[in-house]
Every structure is written in structure tokens, then in C-alpha cells.
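> Chain by chain, the residues:
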Amino acid sequence: MNKGISFTQAFFTLLKRDLKIAIRHKGDIFNPLLFFILVVTLFPLGIGPEPQVLTRVAPGIIWVAALLASMLSLERLFKADFADGSLEQMLLSPQPLSLMVLAKVLAHWLLTGVPLILVAPLLAVLLHLEANSYGALMATLALGTPVLSLLGAIGVALTVGLRKGGVLLSLLILPLYIPVLIFATSAIDAAGLNLPYSGHLAIIGAMLVGSLILAPFAIGASLRVSTN
Amino acid sequence: MVEEKTATTLVSADNLTCIREERILFDELSFDIQAGEIVQIEGPNGAGKTSLLRILAGLSRPYAGEAKYKGTDITRCRDEYNDDLLYLGHLAGVKSELTAEENLNFNLRISGYDDFETNQILAKVNLSGFEEALAGHLSAGQHRRTALARLWHTNCKVWLLDEPFTAIDKKGVEELEHLFLQHAQNGGCVIMTTHQDMSIIGDDILRKIRLDYRFI
Amino acid sequence: MWKWLHSYADPQKAYNLSGRLLPWFATLAIGFIGVGSIWGLLFAPVDYQQGDSYRIIFIHVPAASMSMSAYMAMATSAFIGLVWQIKSADWAAAAIAPIGAVVTFIALITGAAWGKPMWGTWWVWDARLTSELVLLFLYLGVISLYASFEDKVLAARAAGILAIVGVINIPIIKYSVEWWNSLHQPATIKITEKSSMAPEMLYPLLINIFGFGLMIGAITLIRFRAEILARNGMRPWVRELAQAEGVK
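Chains as they are written, first to last, in the working numbering: chain A, 1 to 228; chain B, 1001 to 1216; chain C, 2001 to 2248.
Check before you lean on any hint, since a few could be wrong.
Said to hold, decoys possible - Where chain A lies over chain B, by a calculated footprint (3+ residues, C-beta under 8 Å): (1) 1020–1031; (2) 1080–1093; (3) 1152–1165.
Calculated directly from the structure, the hints in this document are not laboratory data. Glycine included, every Cβ here is placed at the ideal spot set by N, Cα and C.
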């Protein structure tokens, strides 16, 4: 018997398994996306259809809806694994826990973050976003949604063992989302005014790198508490 | 003599105390488990058998005391210990969206093995012909066997099994008992909880650790 | 150093030590806050721009500055608990959280009350007020996470992890809120800088800041002792203590 699996292979084994399960369970992919679209369509109904008003608030609406959709979809990140004992096996496997956690978050982002990024320009059309803001919108979503997944996963890992996690989860992670929201929306605003926004992107990028390095440890430690 | 003891002691409990919801399950529990031993943790429901197994596996942290692997606190040698530990809780870690074969394949790969034939291993737990069936469609016993299949392809010395015989038929239990004996002879140890009687592993071989229900 | 710390990891020793410290903290806190408040509210000169309404700073500024310090103390305690696996440190962190939340709330309320005469409105999205509001949410997250676990040993560990995650994020949140504020509002609204303050106003303020710190320390000690007793109710030494106090 030969233990010849490298860390990379273990990472991709877990990534592939999660993707496979999600594809057999399509609701998990589509429900957060539908939620995202629905929330965005509610705003024009709530504040009126004037294009100038919508243009002004479009970046904020899209990003707030993205925060909420990300949080909602994350809730299921560790639930199934917790319920069927796979999480325990993951904690006891000889592979580094941070790596396993990262694979799970990546799988989750591929399944919920990427579709959200792809559908965002369509919603931006509905909200009359400035024509020159589209690049910034896509760039901030591409850099920002992984940060949301990583930070949110900490909150999910802390609450996975609790019966009533939902509302608590929002209290735990939404405050942590504030910096991403601020920099992403002002990047889009800046782009709308034809101002440079690479600085904003650099800051969101720095948040991404920081959370890529630190969040897996926090998630791992939280999972150890939750499975206790 | 002392040296020989430390050389063969695989798992030990050192003054373990476990408190759950303000109730003491066990207090200052100590024992050593040597290579070659088959240990049954027995006691009534709620006495803390599962809690003890989870502490020994490193999933739960004891309130006080240490669980040790080869004389070292398991929180200090987690990588080494996880490499030598096979834990099966009563939740088996089998995904109902995946087939029996995919489940086994995943479980073995994540444990680090890359040289196995899932068909051969599944045949050993009488799951031939069910390789492609989704685990969610299998019976309770087959579901359990999917998880137990890992025991046939492992070089871990320490086996911690929580109710391994649940939903397994008589013949399956006998096969598992044979496997445990073989594992013990090869220098491993088995620590399990079960309420079922075993037919092959006699009381002369089986070591029992008793936990009693405590009211305070 | 760590040996010294470890000896106080034992709940009974931590209980006794905090019992010895408590009277000092309590007496000094009452003394400092008494002197600072009486001096500040009755004897400090009237501000030539704001009149008497500025006097709320003798409550507002100590509360605001201590709200952040309490969070730091909570996170430090949680960090010690996480790294050295000292349960008493986890409990100390859990004991600080509600006090910190109350102090933050006081800072927000007094800030809003001060905003009314100054800005003509109860609430403006001022950078400091907004950061303080987010800080309150962070505290509430820690408190409700702690409350959600039935097993309080686990609860304290989980809340500790959240406190540490929060403390890493606080500077980022604070910086981004300040930046956001400067972007969206011209700098017409600015709280008068403390450095230009007359010493007759500054001294009572500093005394009160110090007093608030001591008061938080004292209340933390009380809550910490209660927490230790609650978590160790089945231990012989707690039972002996209860008998000595004449309970049952």
C-alpha cells in the first residue's frame, strides 16, 4: 500500500468531488443566482424607474445583492459534510486542513461566484449602469467575490454545528464584508466618471491575497470547534 | 521494560476528563493501548463512549488531560497521528450523491493512497454489482459497508471505530472480526464501541474498558 | 513568563487572583470617574463655540476610546486562549464582550446626542460614528455566537476565533470607512481636534478616560469570576465556596 498522493492531487480530488456533487444537485447553483437576480429587480420597483436614479445607485445595488447572495449560498458550504460525517474525515485526513478548506471554498466560488459574475452585466443593463463602468464592475466582482467566499466561510465554519445558523451568520460576516463593498462600489463609480480605478482594484486584490493566506487557518480552527 | 512498553504503546489516555453540558462524563481516565490489542469501550448509553473515541481521535478536546499517540500529546503530532489513524464515526462520511465506487475512491485518495482497485475492495465487502449505485439508493447495511471498505485498504495502525457493526449482517460481522484479528496480529490496534456480541473475538483476546453513567 | 501565566490558567487561581484585584480596580475606577466627571461637568470652562453642550465629551470620548481598547483586550485574551489552550483566557474574552458592546453603545448614543446641537441632526454618516457602529455589530456578533452554543466551553472558543478575525479586520474597516467618508462628504463636518484643547478641559478628560478603563477592568473581573463559577459548578472547590457562602 502506497501513500503517494501529493498535496496538489488531494486538493484536486476534493475540488472534483465537490463539483461533481453540485452538478448532481443543481438547485445549489441556481437558487443563489435566482436570488441575486430577484433582489436586483426589486430595487427599480422600490425606488422608481428613473434612469438617472438607477444609474446613480446601480453599483451599490449590484454589490449589496452580491453580498447577500454570497452569504446565502455559503450557508450550505459545510452543512452536508457536517451532517454525513465527511467533515470529520476531512479533519482527520493526513492532508493539511487549510488546503482541504481552500479546495472547498474554491469549488463553492466556481459554482456560485462565477455564474454571478457572468450574469452581472445583464443586470447592469437593467439598472442603466454607465457604459464605461462595465469593465470595473466585472473586475471588482472577479476580485471581490472570492474574498466574500473566504471571509464568509469563516462565519459558516463557526455556525455549522448550530441548529439556527441563518440570521446569526449574517451578523457574523456582513460587517466583515464592508471594506470590499466600499472599494468595489467606488471603483465602479470612479470608472463611471472616467477616473482611474486601478488603485481600488489593487486594494481589493490585496484583500484577496490577505484572505487567501489567513482565512483558511481561521476556517480550519473554526471547523475544529464546530465538530467538537 | 519501560522502553519496551513505550515502543509498543500506540494510544494512551492520560487523566482524561470530559464534561458535556455541565455533566462530567468521565474524570481522570487513564489507560494505555498496546499494539496488537483489540479494545471494546463499553457502558450504557450516555456514558461517554463516543465522546471518548472522539477525544482519542483528536476531534474533541478533553476538558482536562491528554490523549497521546506513542507517548506524545496528539495535538502536538497531529500530522503524524492522522497519517496512522483510521476513524469511523457513526456518521460514516459517505456522500449519498456519489456512487459506492466514487465514495471509496475519494476516501482512499484523501487518505493518501493511489494504488488500489476499487472493484476488488468493494468485492470484499460484498458490494460487487453495486459499484455504480448511488450511495443514497443503497440499503443501510450497504451504506455502512461502503464506509467500512476503507478498512481493507489501509496501513494505519490505530483504528477507532464507533459502532462498526451497526446494520451489518451476521456474516459481515464475522468477516470484520477476522479483519480485526488480522490487524491486531500485524501490530495494529482496534478501539471500538459496540453493543453487539462478537463470536470470533473471545473474551480472552478482547480487552474491555468500562464507562459508567454518572449523575453529577 | 509563560510559566507564570500557566499557573493562573487554573480556574481556581484565576478566580482568587481576580478576587484580589477587584477592590483595587473598583475603588480606583470610582475615584477617577468621580473626580474626572465632577471636574469636567462642573468646573471646566465653557467652550466658546459650543457652550455647555461640549461637556458630553467627558462621557463620549472615554467611551469611544475604550470601546476599541476593550475589543483589543478581548481579542488578545482570545488569542492567548487559542494558542496556549487556556480556558480561563477564553472565558475572560467572553466576559469582556458585553461590556465592550455597552461602552460602544454609550459612545454611539452620546455621539448622536452631541451631533444634534452641533450638526442639527441626530445621525450623520461621519467616519468615526460609522466605524463605531460597525464595531458594535462586531461585538454583537461575538455575543450572539457565544449565546448560540449550548456548550459554553465551545462557545468561548468559537467567540474567541471570531474576535481574532474581527481584530484583524478592524483596521481595514476603519481605514476603508474613513476613506469612503472623505470620498462622499466634503470635509466641512469635523469634530474639533482634541490637541487644541485647553488643559483645564483636557485633564478631566484624561482622568475620565483612565477611569473608564479601570471601570471596564472592574466589571470584567466581576463577570469573569461569575463565568469561572458557572463553568466549574461541579468542581469541589466551587462547592466548598458555595457552602462557605451559605448557599443551600
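> Decide, hint by hint, whether the structure agrees.
Evaluation of the provided hints:
{"no.": "1", "hint": "1020–1031", "result": "violated (count 0)"}
{"no.": "2", "hint": "1080–1093", "result": "holds (count 9)"}
{"no.": "3", "hint": "1152–1165", "result": "holds (count 3)"}
Hint 1 alone, counting from the list given before, is not met by this structure.
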